[in-house]
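Colleague: These are the residues of each chain, in order.
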Amino acid sequence: MATPENKLAFDGGWAYDPAPESTDHIRIESRYGLFINGDFVKPESGKYFDTINPANEEKLSRVADANQADVDKAVAAARAAYRGPWGRMKPAERGKYIYRIARIMQERAREFSVIESLDGGKPIRESRDVDVPLAAAHFFYYAGWADKLDYAFPGRKAKPLGVAGQIIPWNFPLLMAAWKIAPALACGNTVVLKPAETTPLTALKLAEAIADAGLPPGVVNIVTGAGATGAAIVEHPDVDKVAFTGSTNVGRMIQKKLAGTNKKYTLELGGKAANIVFADAAIDQAVEGIVNGIFFNQGHVCCAGSRLFVQESVADEVIAKLKDRMETLIVGDPLDKNTDIGAINSSMQLKKIQSYLKIGQSEGATMHQSSCSVPKKGYWCRPTIFTGVSQSSRVVQEEIFGPVLAIQTFRRYDEALVKANNTPYGLSGGVWTDKGSKIFKMTQDLRAGVVWANTFNKFDPTSPFGGYKESGVGREGGLHGLDAYVKLGAR
Amino acid sequence: MALSAVRKSVRFPDLSKVPAVDEVGVDERVARFQTRSIKKASKVEALKLVLSMIDLTTLEGQDTPGKVRQLCQKAIHLHDAMPGLPHVAAVCVYPTMVSVAKEALAGHDINIASVATAFPSGMSTLKVKLDDTRMAVKAGATEIDMVISRGRFLAGDYRYVFDEIVAVKEACGDAHLKVILETGELGTLDKVRKASVLAMHAGADFIKTSTGKIQPAATMQVTLTMLQAIRDFYRDTGKMIGMKPAGGIATSKLAIHYLVMLHETLGNAWMTPERFRFGASSLANDVLMQLMKQSTGVYQSADYFSKD
Chain A
5 MATPENKLAF DGGWAYDPAP ESTDHIRIES RYGLFINGDF VKPESGKYFD TINPANEEKL
65 SRVADANQAD VDKAVAAARA AYRGPWGRMK PAERGKYIYR IARIMQERAR EFSVIESLDG
125 GKPIRESRDV DVPLAAAHFF YYAGWADKLD YAFPGRKAKP LGVAGQIIPW NFPLLMAAWK
185 IAPALACGNT VVLKPAETTP LTALKLAEAI ADAGLPPGVV NIVTGAGATG AAIVEHPDVD
245 KVAFTGSTNV GRMIQKKLAG TNKKYTLELG GKAANIVFAD AAIDQAVEGI VNGIFFNQGH
305 VCCAGSRLFV QESVADEVIA KLKDRMETLI VGDPLDKNTD IGAINSSMQL KKIQSYLKIG
365 QSEGATMHQS SCSVPKKGYW CRPTIFTGVS QSSRVVQEEI FGPVLAIQTF RRYDEALVKA
425 NNTPYGLSGG VWTDKGSKIF KMTQDLRAGV VWANTFNKFD PTSPFGGYKE SGVGREGGLH
485 GLDAYVKLGA R
Chain B
532 MALSAVRKSV RFPDLSKVPA VDEVGVDERV ARFQTRSIKK ASKVEALKLV LSMIDLTTLE
592 GQDTPGKVRQ LCQKAIHLHD AMPGLPHVAA VCVYPTMVSV AKEALAGHDI NIASVATAFP
652 SGMSTLKVKL DDTRMAVKAG ATEIDMVISR GRFLAGDYRY VFDEIVAVKE ACGDAHLKVI
712 LETGELGTLD KVRKASVLAM HAGADFIKTS TGKIQPAATM QVTLTMLQAI RDFYRDTGKM
772 IGMKPAGGIA TSKLAIHYLV MLHETLGNAW MTPERFRFGA SSLANDVLMQ LMKQSTGVYQ
832 SADYFSKD
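Note that the protein sequences, when read in sequence, are chains A and B. Take the first sequence: its position 8, counting from 1, is numbered 12 in the working numbering, and each next residue is one higher. Take the second sequence: its position 174, counting from 1, is numbered 705 in the working numbering, and each next residue is one higher.
Treat the hints loosely; a few may be bogus.
Here are the computed distance ranges between Cβ atoms for each label pair [what the hints assert, rightly or not]:
hint, chain 1, residue 1, chain 2, residue 2, range
1, B, 558, A, 263, 23 to 29 Å
2, B, 554, A, 415, 50 to 56 Å
3, A, 24, B, 639, 40 to 46 Å
4, B, 813, A, 13, 28 to 34 Å
5, B, 834, A, 29, 34 to 40 Å
6, A, 22, B, 813, 55 to 61 Å
7, A, 18, B, 612, 38 to 44 Å
Now the stretches of chain B that chain A is said to cover, found in silico as 3 or more residues with beta-carbon under 8 Å [claimed, not checked]:
hint, segment
8, 568-578
9, 606-617
Hint data in this document are derived by calculation from the structure and do not stem from the laboratory. We put the beta carbon where it would ideally sit given N, CA and C, even for glycine.
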């Protein structure tokens, strides 16, 4: 095995010069109102809050803080549009509008991706290559369904629900907006959407795109704010459907509030995915998959592969290779095209991650971080792995939502399976083996909504996504995603 | 090294320990290397490094002593209009041209690489291959680029392939041995990985992708697989084996992608002509053109760079 003198050296020597994506083509207003009834309007609350760049803590813009009155206005506008032009529109026409949003998103892809990275801290490589193209793909995909709902639900008549209240998180701001808005519109609903308070800008840019696409006023309304604004949407009596993506705690609160109402809901909550590497796996590619599983988007991914299970006979090799690979990850300016890991989304999240680093160490685990330096200003966390953890460790049980991986070993298939399923969550999982039969067995046995084999964190609009147990209720994406936005009646 | 000493230092590897390779995963990793944006000083540094790693090659039936002399001249004087350029690592020719190259490169620190062992097919007897190798070394080759017997490898006769490499290594004497796997004929990355392990254990100083006579020649996927095999061999034995992708690398941009891949897979210790080579005939001029562009801001016509 590796001896100290056989260690690879990645620092010193040739290094990549900064290659920053330019920001001169983007436009961010100094202040944003609420997008209600087709226009940006001043908030009834009269209040605004700052949104900052987590990479340097500088203010990007001020954004309206919507109160109950603002939410009332937005819901009323959505209701009027539902009763009016949108509800009466032929499905094929509806589809055209959704296609138009998708195309505008593609045309403005650079602007969207730069703003996404500025506001949220994610590397431009990811916002450019993943977030924005996938968001556009969701609109394209659901646009196609708008006039084909009879084929999605054979023998049934699919009718829209009415006004959908949607609350999205800060980890994939634009992509989550697309996941929510596209199927809602395709099924004929109207929308009141609240982006997360730390990342409102791309949703507001999307509002501009929607206005430019000429959607009838009120079909999509975007209200910014924090928890109270979200609560006002959830509890609004004229909202027919609630779609939430975020923490399990908030999800629980929402589910309690909705009990006894006839609102339909989908909840996309936390996760603590097991990534299981068998000894017969393609080891080098598995190491890539581990890296992609936990360090993608700084680990701010609900389906992140945050628990690694490695078969004992290859554990030393996998961990040594993982450490080498971590040394080559470039942490820094999110706008640099070579950055692999950007800034932590907010100071609050950074504190939470740091508290888990302390917890892990105090639980007796061995912590290893890559040796990279991080900028002084802004919120940063080096890629981190914990070894010597057990199922009873908090860093194994709880969702950290950061670039922190907990590694355990296993000997037998059964042991890996039991440990993998031994969690309150069940959103995703990964299996790495060269043996097809083992893949099929494991994917059947894992209790998780998505299981990837010999890959990780792959998304496609045609594929349903959602969790078991505390990871949520309902599915988004694909044919299943339509179900959440329709009521089915007889033909 | 004495024959017996060579034999003692090698051992047939346990091929059951060779890890599987997932081609989809390799494609993804390669795509990541290709998104690296190399600009400004880091680009100039990379381009100069690429020049110093080139094995300037001519391997044609119609090669003449005159052409080889021209190539050697180019190897020494890449582009005198631009001062401060390195020279290439080696000139690579057929055995019959080695003496010509030796004379033309006299007094210069440029290696003479010769293909041998019934290049490019390797379809001959061991005796002929060893004679071929000895002849090239005797004529002055400091590096031997041998081909493995792909037919035997594909038939599963790994022992034969291994023994043949060991024997050629012995015949090389002090000359460095590059073992060409001809990956375009092996078919899968699993086989590439296995052949790499076999060659390294048998005594290769370098492992090389291709002869340039078979398509596909070098690809980033194949090269990454071989680099990962080199890394594991280093971890296990402490020996640093070199890598030479050959054939099909004609542009600066692609060559820089290879350097990024090398840098992020094996690290700094391999970023030298001692451990990495490009087998290429037309790459040098593209790199020179890019270097001139970096210094002057404009592209020059291809006619300002000598074609040899």
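Colleague: That 23 to 29 Å hint for residue 558 of chain B and residue 263 of chain A (C-beta), does it hold up?
Modeller: Given about 48 Å between the Cβ atoms, the range is violated.
Colleague: Could you see if the CB distance from residue 24 of chain A to residue 639 of chain B stays within 40 to 46 Å?
Modeller: 42 Å, holds
Colleague: Given a hinted range of 50 to 56 Å, is it respected by the beta-carbon distance of residue 554 of chain B and residue 415 of chain A?
Modeller: Given range 50 to 56 Å: violated, Cβ gap about 29 Å.
Colleague: Does the segment 606-617 of chain B contain three or more residues whose Cβ lies closer than 8 Å to a Cβ of chain A?
Modeller: Since 0 is below three, the answer is violated.
Colleague: Do the beta carbons of residue 18 of chain A and residue 612 of chain B sit within 38 to 44 Å of each other?
Modeller: Given range 38 to 44 Å: violated, Cβ gap about 26 Å.
Colleague: Mind taking a look at whether chain A covers the segment 568-578 of chain B? Criterion is 3 or more residues with CB to CB distance under 8 Å.
Modeller: Result for this restraint: holds, n = 9.
Colleague: Given a hint of 34 to 40 Å, does the C-beta separation of residue 834 of chain B and residue 29 of chain A actually sit inside it?
Modeller: 38 Å, holds
Colleague: 28 to 34 Å was suggested as the range; check whether the CB atoms of residue 813 of chain B and residue 13 of chain A agree with it.
Modeller: 33 Å, holds
Colleague: Take a look at whether the Cβ-Cβ distance between residue 22 of chain A and residue 813 of chain B falls inside 55 to 61 Å.
Modeller: 32 Å, violated
Going down the numbered hints, you'll see the structure goes against 1, 2, 6, 7 and 9, while the others check out.
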